[in-house]
Amino acid sequence: MKRIILIIIVFTGTSLSAQKVIDSLTYENTQDIKFFKKIKNRALVKKYTTINNNVIKVGDTVILGTPTSQELNSRMLSGLYGEKVKFGYAKTRSTTIKTYEFIKMGRPAGFGSIMNALVGEDEIMASNSLKNTKAIVKEIKAYHRGSKKKPLFLVMILGEINGRAFGLNKYLSVMDTELAIESSEILLKNRKMTREEAILELKEAKTLLDLEMITLKKFQELKKKLRPIIMKQ
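Residues are numbered in my numbering as their position in the sequence shown, beginning at 1, plus a constant of 1485.
Take these hints with a grain of salt, some might be off.
[As the list claims (entries may be wrong)] Here are the in silico distance ranges between beta carbons for each label pair: (1) Lys1635 with Lys1691: 41 to 47 Å; (2) Ile1646 with Val1540: 32 to 38 Å; (3) Asn1617 with Glu1686: 20 to 26 Å; (4) Asp1695 with Lys1519: 48 to 54 Å; (5) Lys1635 with Lys1710: 37 to 43 Å; (6) Arg1630 with Glu1706: 42 to 48 Å; (7) Leu1529 with Lys1674: 19 to 25 Å; (8) Lys1525 with Thr1618: 27 to 33 Å; (9) Asn1526 with Ile1548: 34 to 40 Å; (10) Thr1700 with Lys1505: 52 to 58 Å.
[Said to hold, decoys possible] Taking lysine to any residue pairs in the SDA-like style, the calculated list, with each CA pair at most 20 Å apart, reads: (11) Lys1635 with Phe1521; (12) Lys1674 with Lys1523; (13) Lys1655 with Ile1642; (14) Lys1688 with Ile1715; (15) Lys1710 with Glu1682; (16) Lys1531 with Phe1638; (17) Lys1717 with Ala1683; (18) Lys1619 with Lys1677; (19) Lys1708 with Leu1694; (20) Lys1674 with Ser1509; (21) Lys1619 with Lys1688; (22) Lys1623 with Thr1546; (23) Lys1519 with Ile1536; (24) Lys1522 with Glu1682; (25) Lys1532 with Asn1675; (26) Lys1717 with Leu1685; (27) Lys1542 with Lys1635; (28) Lys1616 with Arg1676; (29) Lys1531 with Ile1548; (30) Lys1523 with Lys1635.
Everything labelled a hint here was simulated from the structure, so no lab data went into it. Positions of the beta carbon are idealized from the N, C-alpha and C atoms, including for glycine.
My request is simple: use the sequences and hints to build the entire structure.
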């Protein structure tokens, strides 16, 4: 028995020591075949920079934003007519529940589980009840979208800020960190505005200017502030 335990400890220690740690990873790295073909699945990442230059690190506090998906739940309701059981009826009631597209309950069980989650299969996704919940980034891991010749995506493990569980689950898994951040399912403290968001805000300000709800000076100030974001290529 002692020998078996020793073998398990040695194997575990070897696996952990062989697991590569990446200090800093960018979106460009995840798409660069010269870079990502050298990376093994489950490589630990300390810091990640998204396509819009938002930065997320292990130990950061994030907030769960608004779910971008929904599930349809159906249940059968049955009843009986009259005092005696002569005949009955059944009715199906369907309800729609908002769920997160990229955030699931619990840790990812394995690579197959991760790939299933990306196509929406066999995973319990977090519900709207967790909206505005604060969480701590416990781990960030890199995975290939298939073989090592495929680009990387990042899975982020979140723990509750007070060390307790999210209901029955100790952790949440963000199955695609890039998309979760850019879709605002995960909110960062210093998230940068996207080009599309800047254009929308400027259009809304122009409408308010035309309605004489804001001054020309205020509009010009906002235009100057948003110009670098809108004009970036």
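Status of the hints after comparison with the structure:
About 43 Å separates the C-beta atoms of Lys1635 and Lys1691, a value consistent with the hinted range of 41 to 47 Å. Separation of Ile1646 from Val1540 is about 20 Å and departs from the stated range, judged on CB atoms against 32 to 38 Å. The hint said 20 to 26 Å for the Cβ distance between Asn1617 and Glu1686, and at roughly 22 Å that hint holds. Here the CB-CB span from Asp1695 to Lys1519 is close to 50 Å, well matched to the stated 48 to 54 Å.
At about 39 Å, the beta-carbon gap between Lys1635 and Lys1710 stays in the expected band of 37 to 43 Å. A C-beta distance of roughly 43 Å is found between Arg1630 and Glu1706, which places it inside the suggested range of 42 to 48 Å. At roughly 22 Å, the beta carbons of Leu1529 and Lys1674 sit within the given window of 19 to 25 Å. A hinted range of 27 to 33 Å holds for the C-beta pair Lys1525 and Thr1618, which are about 32 Å apart.
A hinted range of 34 to 40 Å is violated for the C-beta pair Asn1526 and Ile1548, which are about 28 Å apart. The hinted range of 52 to 58 Å is satisfied by Thr1700 and Lys1505, whose Cβ atoms lie roughly 55 Å apart. A hinted pair counts as satisfied when its Cα atoms are at most 20 Å apart, and Lys1635 with Phe1521 qualifies at roughly 8 Å. Annotation: proposed proximity of Lys1674 to Lys1523 is violated, straight-line Cα distance about 32 Å (limit 20 Å).
Restraint check: the Cα-Cα separation between Lys1655 and Ile1642 comes to about 10 Å, which is no more than 20 Å; the hinted pair holds. A C-alpha spacing of about 12 Å is found between Lys1688 and Ile1715, which places the hinted pair at or below 20 Å, so the restraint holds. Restraint check for Lys1710 and Glu1682: the C-alpha separation of about 13 Å stays at or below 20 Å, so the hint holds. The straight-line distance between the Cα atoms of Lys1531 and Phe1638 is roughly 14 Å, inside the 20 Å bound, and the hint therefore holds.
A distance of roughly 11 Å separates the Cα atoms of Lys1717 and Ala1683; the hinted pair therefore holds under the 20 Å criterion. For a cut-off of 20 Å, the pair hint linking Lys1619 to Lys1677 stands: about 19 Å separates their Cα positions. For the suggested pair Lys1708 and Leu1694, the alpha carbons sit about 12 Å apart, so the restraint of at most 20 Å is met. For a cut-off of 20 Å, the pair hint linking Lys1674 to Ser1509 stands: about 19 Å separates their Cα positions.
Of the supplied pair hints, the one linking Lys1619 and Lys1688 is violated, its CA atoms being roughly 32 Å apart against a limit of 20 Å. Between Lys1623 and Thr1546, the direct Cα distance comes to roughly 10 Å. Compliance with the 20 Å bound is thereby established for this hinted pair. With a C-alpha separation of about 18 Å, the suggested pair Lys1519 and Ile1536 falls inside the 20 Å cut-off, and the hint holds. Restraint check for Lys1522 and Glu1682: not satisfied, since their Cα atoms lie roughly 34 Å apart, outside the 20 Å limit.
Simply put, Lys1532 and Asn1675 have alpha-carbon atoms about 15 Å apart, close enough for the 20 Å limit, and the pair holds. The straight-line distance between the Cα atoms of Lys1717 and Leu1685 is roughly 15 Å, inside the 20 Å bound, and the hint therefore holds. Straight-line distance between C-alpha atoms of Lys1542 and Lys1635 comes to about 24 Å, which puts the hinted pair past the 20 Å bound. For the proposed pair Lys1616 and Arg1676, the alpha carbon gap of about 17 Å is at most 20 Å, so the pair holds.
Restraint check for Lys1531 and Ile1548: satisfied, since their Cα atoms lie roughly 19 Å apart, inside the 20 Å limit. A C-alpha spacing of about 11 Å is found between Lys1523 and Lys1635, which places the hinted pair at or below 20 Å, so the restraint holds.
Of the numbered hints given earlier, the model fails hints 2, 9, 12, 21, 24, 27; all others are met.
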